[in-house]
Amino acid sequence: MKKVVNVKKHRKIDVKILCVYVILTLYTLYTLYPIFLMIITSMKANLEIMKNPTGLPQTFSFQGYITLFQKENFARYFANSAFVTIVSSLILLVVSILLAYALSRYLSRMSTFLYFFFLAGMMIPLRLGLLSLNDLLNSMGLIDNLWGLVFIYVAQNIPFTMFLLTGFIKMIPTSMEEVAYIDGANTWQVLWKVIVPLIKPAIATTVVYNFIPIWNDVFFPLIFISSKPNRTLIQAVTLFFGQYATNWNLVFAALTVACVPVIVVYICCSKYLIKGMMAGALKG
Amino acid sequence: MKRSNWTYCAFVLPAFLFYALFMLYPLITSLGLSFFSWNGYGAKTFVGFDNFVTLFTNPAYSERFFGALKNNTLFFLYTIVLQNGIALLLAAFVNMRRMRGMKFFRSIFFIPCTLSIIVVGYIWTLIYNPLWGPLNFGLNAVGLSALKQPWLGSEKTALIAVAVANAWQYTGTPMIMLLAGMQAIPDELYEAADLDGAGAWKQFWKLTFPLIAPVMFIISTIVFVSNYSAFEIIYAMVGSTGSPNYATDILGTFFYRICFGQRLGLQPNMGVGAAIATCMFLIIGVGVVLWFRYYGKDSEL
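Protein chains in written order, with my numbering: chain G, 1 to 284; chain W, 1 to 301.
Chain W with its partners taken away, still in its complex shape:
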């Protein structure tokens, strides 16, 4: 490019304006809003850390907040185990030597990732339906009717049922990433391992796994960030109240109720809502920083 500052500015400016105005500005000022009290329309008054104090100590909020935090953490752990565990297994299988049809399986397993979360949530709501859902129906048919459950209606199973639906949708993404990582490993390393007499199992844990560990790490940070900002899957499957009895209430649904609860007949409290968003930001920030340190290291300009 010719060294003209005007051209440079003209090229950078459009993207900068969109990004600064609709992304950076709302994100930063939202953090600031947690120090103000207002109901969404009237004037804002500065209240310092009052919103945080309310959130953490007023039982009307704190009970739900810590409950949502706990559920969110469980949701994250279930997802990591289900989604990454299955993805690792599938990628290892598909990547096996002498396996054919790698591209076929890869493209099938990725299909659910392209669907809207809402669509996935509703399909699984049907699958879990206690009366005529295919899951209970199927359990009946194979003589396991003792295992029948109101999957989304019971406090014990609701959150894990949602996590299964979520993992069904997103297993394809980590699988493709892991597969890409596995294929980047040179064949010579496996040949050398063959010569040393290492079996497939040993090769996987001693050779493949350490080399794809960075990909696993990146995937986990992405899952972390998306799970702690999740909302739609819960909204679609059990509604924004996190029913039954708040067993599926996570930070995203709690935040939605506090800020936009007028649709559910609740009194909105924007200040506390902003405080929740700030807490989510701090939690998610950990994931973002870990991700950024990894990505930033080598992608220098």
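Just chain G, same shape as in the assembly:
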């Protein structure tokens, strides 16, 4: 009797689990299909996009990609985006490490004030200050200049980077630094030789977490970058869409190219990215 009940219960659970797997698989297809669509559309002839929009192309064509790099200067836009993303990530990292170290090791009312002062910026979208930012960049000669974007992205991402790094540094016991001080190291050396190696995972998280929105941003380039050679990749894709509204395979080749760096970063570092995500959900 007892055995029968067990078997029955087991079967019931299996059906339930099976249903859940079916639902999750369907949602997986729903998640992946639009990305698949983007890639196959980039390899179809225009006529085929209209005749057979959903399936695989009959013949794979890479003409769109060749046109992008040979005629449309996409290598230049790619380099612009890479410059902005890498330089702003580096500056962001250095200033945030210094800030986070000072705030977490020099406890005072000043530090508490500064912590909340910076934290407040984590949620406020900088785009609300667009008009003054426009005036400011104008007066500094940074309109239509990639450095203008770099400074914007650094300022915008300091709060989250500071928040994450401060949390990590505070978990490190001070005894290790004290040993280094006794050995005659100064604050600068202690920071880079003792602390930074210990918070490498946190640094990786902030780098990956900041990389994606900086690379993907189109709002500030759209407003502040006007000349063609200064366009970022996503901005070029955006303006491309208006220009070649009828040439879908070229547009989708451009979209695919724009996705490659973030997808590569995601595949290599999804662990760090998800950690950053969770740090946002759970305090500390």
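Derived from the structure by calculation, the hints contain no laboratory data.
Keep in mind that this is a model prediction, so the values were computed, not measured.
Among these hints, one or two may not hold up.
[To be verified] Computed list of lysine to any residue pairs in SDA-like fashion (alpha-carbon distance at most 20 Å, straight line): (1) K103/W x L32/G; (2) K71/G x N247/G; (3) K16/G x A198/W.
With chain G's structure known, arrange chain W on it following the hints.
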């Protein structure tokens, strides 16, 4: 750190300068700009609350402003229901006991969040294309051609179509946050619930949900802030005019047209633009304050 004020200042100063100059200063002075009248180049003249009066009472602006506010609120509600509803469901499924492949599903569902909003907008523009878009094509293929729509061209469906694309992209973020919250719940609580004879459904609503409610709250404030400052998804899918007939016009696109409308052949009015930004700031401020009170509580230094 050695107690030297000079070192402290030197460490704080670089970040402070970037943050104060490129973030704080523009945000604060932009609020001030809403009390001035200027066309973007010439001199600014102080006009008090005139820009706000114009925005709220001059039909040329007020009609669009309240329309955008309404659409923005609808957009927020659609997103909350679609994105958070689906995310909660997926997280609950993935977190079920005896489920395998949690990490696999988690990393798949997060992929769209890494794409640029522009890319997502254009892919969905293709999906919704009335003539050869896969959506209408698919409806035809399964014999539901009666449901075919010009999804982005009809006033009835355009905003919800954009919200679906937006939710497709961002469902992964709340799902991961909720999942993290669910995994922080100790197993003993579920074991105790098992002993009390509570079924999976009851366990979810009586045990899991109350414990992840704070995460849900944080997610909702984040969605609130990002939806009321949204711009790119509308710009990519239907353009900054919020077509058709302003059915998808939200505060972000309205603000863009008033300030940078010269690209569309409109006369910019920076004063009214600043007034719109101030209104957006006040709305978003509610979300920021709620978020900050929650975050600030325990993250004391």
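Evaluated hints:
A threshold of 20 Å between alpha carbons decides the hint, and for K103/W with L32/G the separation of about 16 Å falls inside it, so the pair holds. With a CA separation close to 14 Å, the supplied pair K71/G and N247/G stays within the 20 Å bound. Distance restraint check for K16/G and A198/W: the Cα-Cα separation of roughly 17 Å lies within the 20 Å cut-off, and the hinted pair is therefore satisfied.
Violated hints are absent here; each numbered hint is respected by the structure.
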